Each structure stands twice: as structure tokens, then as C-alpha cells.
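Below are the chains, spelled out letter by letter.
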Amino acid sequence: MAQAVVRDIDKNDPGRGLDLRKLGMWTFLGSEVFFFGALVVTHLSMRGVVAPSSSKTNLNVEGVRELFGYNVLTSILAFILLTSSLTMVLALDGVKTNNQKRFRFWLGATIACGLIFLGGQVYEFYHIVHEGVTIKNMMFGSTFFFVTGFHGTHVAVGIVWLTSLLVSAIRHPERYNAGNYMAVELGGLYWHFVDLVWVLIFTVIYLI
Amino acid sequence: MAHGHDEHAPIEHEAHHSHAKLYVIIFFILLVMTGIEIAIPIVNETVLHMAKQLEVALLLALMTIKGAIVMMFYMHLKGDRRMFGTLFVFPIVCVLLMMLGFFALFQPELW
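So the sequences go chain by chain: H and G. Each residue of the first sequence is one higher than the one before, starting from 8 at the first, in the working numbering. Each residue of the second sequence is one higher than the one before, starting from 27 at the first, in the working numbering.
Possibly wrong hints are sitting among the right ones.
[Unchecked claim] Derived coverage of chain G by chain H (criterion: at least 3 residues anywhere in the stretch with Cβ under 8 Å from a Cβ of chain H; other residues may be distant):
hint : stretch
1    : 40–50
2    : 61–71
3    : 82–89
4    : 107–114
5    : 120–131
[Stated by the list, open to error] Computed from the model, here is a short list of chain H residues facing chain G with C-beta under 7 Å:
hint : residue
6    : Leu-36
7    : Lys-103
8    : Leu-203
Don't read these hints as lab results, they were simulated from the structure. Computed from a predicted structure; not experimentally measured. Glycine is no exception: its CB is placed at the ideal position from the N, C-alpha and C atoms.
Start from the sequences and build out the full structure, keeping to the hints where you can.
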């Protein structure tokens, strides 16, 4: 009887051996690619439009290019997010090797990197607004703040997600282990995606 | 790559082999590539004076390689189910093509 039930479950396995949580996550991330792609492409088509509509600024195309061109802060932010990808994958490696201490340490480091990144982005926004580019006064500013703001929002969501994992791991030691790490892996996939989007934004918006 | 089990799985599972060294090596590769990316516009402006199109092509190529490395090694697409890769890579290819099209349409000076 029990074997028959098991056979039926296997036969009707809707995931055909795939982990549906992971499949759902990858599908979600695929849809996010379209989402960010559309935003970045919109910025590409609007980046030349810098003429202020209600001008408090004297920025012209060259001025805006200089403002958004290579600068130390965005390079540091890129380095921090890249580092957070390493710490995240080391956290997953820690839980897979049943090393709870390493898992929690690297997960905490990932959250710290995320917070530093957000702080840097807030500072950058403040600086850019101070220079006269706002979300309202030119299309360049509108699309720039929209793309980077949405990315920042994703970082914030990732921080909340990873913090909940860390709190859960501290409150229930051994909850995540070599046999049960899917929650950590899904959080990691999301975090690496956020890093991947920054790879795109950093190149297309800041370097090109 | 192995898959995580259920929420109530017993905790005495055999630990996996650690890949920490590989991840650190990948990190340094990504770091060097990012450094090259940052250097390209500066070196081009001051020393090389390459055509802007070549600079953009180099930057886009480096970006694509960096993204592929993150996906393969940090997101574990290398060695995971092919379906996951298809679900994720297909939209990326669409977006890259769309981006090249928009570069051609709206940034003709870069083309």
C-alpha cells in the first residue's frame, strides 16, 4: 500500500525530478532580467536628453557625462558588491560542509557588504542631486535614478532576506546543514543576481 | 550539484566537499577583470586613443565574461540542471541583443 502511494507520487512528480523551489527561483530571476533589461535600455535611449526642463542647473551633455563617468566611489561600490558575492558563496559552502560558524560569519559579512553598498549609493545620490541632476529635471536623471534606485531596492530586499536567514540560523542552530540548505541557496541565487545586475549597470551606465 | 532537502531533514548528513579555494580564485579573476574595465576608458583617453566603438566592444565583452563567470561558478549553473540555465540565459541573450539595437539606434556615435 505504502509502496503504491510512493510510486504514484513519483509518477505524478510535477517537477520531473527538478526541485520546484529552485525552478521557481530561476523563473523569477529570468523575469527580472527582462525587467532590468528594459530599464537599462530605456536609460540608454534617454541618456542623451539632459536639457533641464526647469533649469536650476547649467549641466550640458558633457557635464553630465563627466559627473557620471569614472569615479572612485562607484568603483568601490562595484568592489564591495563583488566581495559580497564571494562572501555569500562562502556562506553556502559553509552550510554545505556543516560548518555553522563559517556559514554565519560569511552570511553576516554579506549583509554588512550590502549595507555598506546601500550607504554608498545614498551618498552618491546625494552628491548627484547636489550637482543639479534630479529625478524630475531631465530624462537622464529620471532613468538613472529609476535604474539604480530599483537595483538599490533589490539590494535592500536581499539584505532583509539574508538577515532573516541569519536570525533563523542563530535562533535555531543546525537548522541549516549539509542536508537542508535550499533556503540558503535560494537566498544566495537572489544575491548573486543583484551582483550580476550591478555588473551590467556599472559597465553600461558608468563606464560607457 | 546536489539539491537541498526538506525542511525537517535529519541533521546528520554527510558534509559536502568545500570549494572555498575555487571561489576565492574566481573572486580574484573577477577583481582583475573589473580593474581592467575601469582602466580601459582612462587608458584609452590618455594613451591608446582607440576608436570609441572598440572601447565599447571591449567593455561589453568583459561585462559578458564577468557575468558568465558569476553565473557558472557562484550561481552554480555549471553542473546544475540545464533547464535552469536556459530559463536564465535566454532572457539575458534577448536583453543583450536589445541593448545592442538601442546602442545602434540612440547612440550612433558608439556604433
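Tell me, which hint numbers fail for this structure? Checked against the structure, no hint fails, so every one of them is satisfied.
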